[in-house]
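**Q** With the hints in hand, could you dock these two chains into one complex?
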Amino acid sequence: MMIDWFTLIAQLVNFLILAWLLKHFLYHPIVTALDGREKKIASELQHATDVETAAKKSMAEWKQKNDEFEKQRTATMQQVAKEADDKKAELLIDARKEYENLRTSLEKSLYNEQKNLQQEIIGRITTEVFSIAEKVLSELADVSLEDRVVKVFCERLRKIEKADITEMTGLLSQSSHPPIIRSVLTLTPENCERVKKTVMEVFRIDSDIVFETDADLISGIELSMNGHSISWNIKAYLDELNVMAETALDRDKKEGEHDNEKNDAQSHP
Amino acid sequence: MHLTSDEVVVWHYGFLKLNLTILTTWALMIVLVGGSALMTRKLSDGIHISRWQSFLEILVTFFLQQFEEVGLRDPARYLPYLATLFLFIAMANLCTVIPGYEPPTGSLSTTAALALSVFVAVPLYGISEQGFVKYLQSYLKPTVLMLPFNIISDFSRTLALAVRLFGNMMSGAMILAILLTISPLVFPVLMSILGLLTGMVQAYIFCILATVYIAAATRTRSEETV
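From first to last, the protein sequence lines are chains A and B. Going by this note's numbering, 207 is the number at position 207 of the first sequence; the sequence numbering is gapless. Going by this note's numbering, 220 is the number at position 220 of the second sequence; the sequence numbering is gapless.
In isolation and in its complexed conformation, chain B is listed as follows (with noise of 0.2 Å):
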């Protein structure tokens, strides 16, 4: 038994190796690309819409919306990352009814490097806000004495978002093997159900969090412009 998909590398020479949680995400980009350009071939902007475009027009609205309620003045900049980070781990973590499927997002491998993205992201559009003076001055608020404390919390924020993720994936997995072997076929099919509810939760926490940070980054300005 490995506790992550990382550890069963399909091919691998010096540095390089393809792992199953590489392949996994392939997979998952597949299916996430391909459904995209399939579902958005024949869009329309008239009023009688087909049922997936009227879904999807659902999804971006509504990503749009919350967006726009925790913080974010332009929403729609934001939104191919933001919406992204959502899908793709709503979608890495849906899958894990299909038997013998584990998400990429159960490897802290992926959720570090999500997180990492985070990391990244957050001075990036911080500082294309603000510009890049205003952006490290946010560091020294409200007092000079915060700067250590606010590198700590950037880091320890990617840390946590990174472990969150990770440990509530890997955690459901491990769970959902231990009970498959001591207790009836019933009992893991309810833990499967509720560890796709824990993995909309966490999707939806990560991308809430990611939302928070950006909007958080890029606050001061749109505060004095208002």
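For reference, chain A alone in the conformation it holds in the complex (with noise of 0.2 Å):
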């Protein structure tokens, strides 16, 4: 078998036109190809990466403003529960105030319309005391409230203590103003005459003696001398009966609470 030398070179030349041809229709274009798509992704790849780190970046920036605003919100919540508070106390303060002048008005109101009361009882009871005592006294004894009265009045002037008479007496002395006699009602001339002999006596004087009527003197005589004044009234005899009537009211008070104590002793000794 032997070689045709022809056909050899022919088969070689050939051949390396077919490589070239397949490296001009076939390798390159597929290579190309690859390359392109290998550049594509990496390129597509990149992009994936730079997207996920500016998404990353997005998140981070969104996080750190939702955690700026939540503690921009707690601040402003904190602020304003403090506001509330704060108003919430000046509130409570005002109305406590409020109260306080409304108790306290209530009371003085409270105060005032017992007292307003109590004149009244007072009034009312002394009027009906003075109508009884004077009542009993005419058709008992026979004789006037107000003779009573002046009597007991002229009395007591006579009891006075002489310390008490020497004031008086320098009291007069010094003012240019003479005694005054107050009086409810006008005294009868006899008892007028009376009156002013008693105290010439008592006090030692020669000068003219004053009278008049003071309603609210209720039933009695007051002797003034220079603002210093001796008196006996069925007002003064209630002050006393009062007087009387709360310590009375207190000390059964005390022996109460004295004996709620004892008997809280025993009952947990």
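It is possible that part of the hints are untrue.
Unchecked claim - Below, in silico cross-link-like pairs of lysine-lysine (PhoX-like), each with a Cα-Cα straight-line distance of 25 Å or less: (1) K39(A) x K17(B); (2) K159(A) x K196(A); (3) K71(A) x K57(A); (4) K141(B) x K40(A); (5) K162(A) x K151(A); (6) K40(A) x K56(A); (7) K141(B) x K23(A); (8) K197(A) x K151(A); (9) K196(A) x K162(A).
As the list claims (entries may be wrong) - Restraint-style ranges between C-beta atoms, simulated for each label pair: (10) W62(A) x S128(B): 57 to 67 Å; (11) F15(B) x L16(A): 19 to 29 Å; (12) V133(B) x D35(A): 30 to 40 Å; (13) S128(B) x M2(A): 48 to 58 Å.
Rather than coming from a laboratory, the hints here were simulated on the basis of the structure. Remember, it's a predicted structure, so these values are computed and weren't measured experimentally. The C-beta atom is built at its ideal place from N, Cα and C for all residues, glycine as well.
**A** And the structure:
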């Protein structure tokens, strides 16, 4: 078997031509397409990485903003809560003050009302007592209350201690006004003379004495010398009775509390 | 009966002649180039690609991987030469299923031409990679005494390449022709299928051996750079 040299050369040339043609039509386009895809994929991967980085950055920014907003919200809420508390405290103080004022005014009003009521009751009682006494004295002893009051007043004047008499005489000598005798009703001339005589005897004066009427005295007589006065009337009598009653009530109250404490001590040894 | 297609001369003028081997080679060239041109005319570098493009990309990627595994550092550079060797021989051998077809690789002239191309390509790639002096020095390694053996080795392997391919393909065609005369039709079909396998194996062996020779010729410099 022999080699055909022409065929050998022709096949060699054919092969080289084929290699060149395939390089041009096959390998180069395919390799280019592969490289292109590889670059494209790399580019897309890079793009994806960039997008991911940007997304992470955005997320971090968003998170930071969210945190800031949360902090701001918390701070605002705290501030609002503090302001609300302050306002509440302020309103409470105002309300308390208003309550205190109202309570005080109410207490004052109640006190005044009580006082007025008490005055009214005292007045009525005095009037009633006065009328009863007047009636009793006139019906049973055939004596008027005025006469009796004048008599008692005169007895009291005579029982005044010497020091008081000296003091009142001193006051009278310093004043230009004469002594004043006040009564609820105008005294009868006999009673006026009796009182005048007693005053002049007790205080050893010979000046005129002025007689006046005063509805506030209820029933009684008052001697006024330069602002200093000696009196006896139903009102003073009732005041004394009132003081005595209050003292008795306080004593009863204290005894009751003492008994309660004793009972408590016995029940809890 | 003729042993090779060289003997079937269609036209000749003095030294010039047109035989069946050359004609068949031209036909194969037209098929290969035409098919490649058709398949690569609408290539896309996107993610969605055609089946043909996918097939060609798998083929080219396979070549590149094989060449790299054998030892070539820059396989894309040697792709046109080595892949064409494989494609031409494989295509020539695969077409034996066509009745009346005679593979050009069954001609010693063709296999010798291919072997000669390897014989020339190895030093060319070696010199371009290492330089003329260094390449020649590689013949003196490991000792000067190895020079004649290296030269003989170059010639003998070229001869081996040519004869191995020719012998396999020619014998396959001859056996098939003989079997057709003495045995039923089924047996030659089986032999023809076996011949396809043999043809693919031979194409692979030829291509890989050429790759190994080129890798050996270019290895020194690559190893130095490593």
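**Q** Look at each hint and say if it fits the structure.
**A** Verification of the supplied hints:
With a C-alpha separation of about 50 Å, the suggested pair K39(A) and K17(B) falls outside the 25 Å cut-off, and the hint is violated. Of the supplied pair hints, the one linking K159(A) and K196(A) holds, its CA atoms being roughly 16 Å apart against a limit of 25 Å. Simply put, K71(A) and K57(A) have alpha-carbon atoms about 21 Å apart, close enough for the 25 Å limit, and the pair holds. Annotation: proposed proximity of K141(B) to K40(A) is violated, straight-line Cα distance about 46 Å (limit 25 Å).
Of the pairs offered as hints, the one joining K162(A) and K151(A) holds, with about 20 Å between alpha carbons and a cut-off of 25 Å not exceeded. Taking the CA atoms of K40(A) and K56(A), the gap is about 23 Å. The hint holds against a cut of 25 Å. Using a Cα cut-off of 25 Å, the hinted pair K141(B) and K23(A) is violated, with the two alpha carbons roughly 35 Å apart. Distance restraint check for K197(A) and K151(A): the Cα-Cα separation of roughly 12 Å lies within the 25 Å cut-off, and the hinted pair is therefore satisfied.
For the given pair, K196(A) sits about 19 Å from K162(A) by alpha-carbon distance, which is consistent with the 25 Å threshold. For W62(A) and S128(B), the hinted distance range of 57 to 67 Å is satisfied, since their beta carbons lie about 59 Å from each other. A hinted range of 19 to 29 Å for the beta carbons of F15(B) and L16(A) is consistent with their spacing of about 20 Å. Between V133(B) and D35(A) the C-beta distance comes to about 35 Å, which sits within the given range of 30 to 40 Å.
Between S128(B) and M2(A) the Cβ separation comes to about 34 Å, which falls outside the hinted range of 48 to 58 Å.
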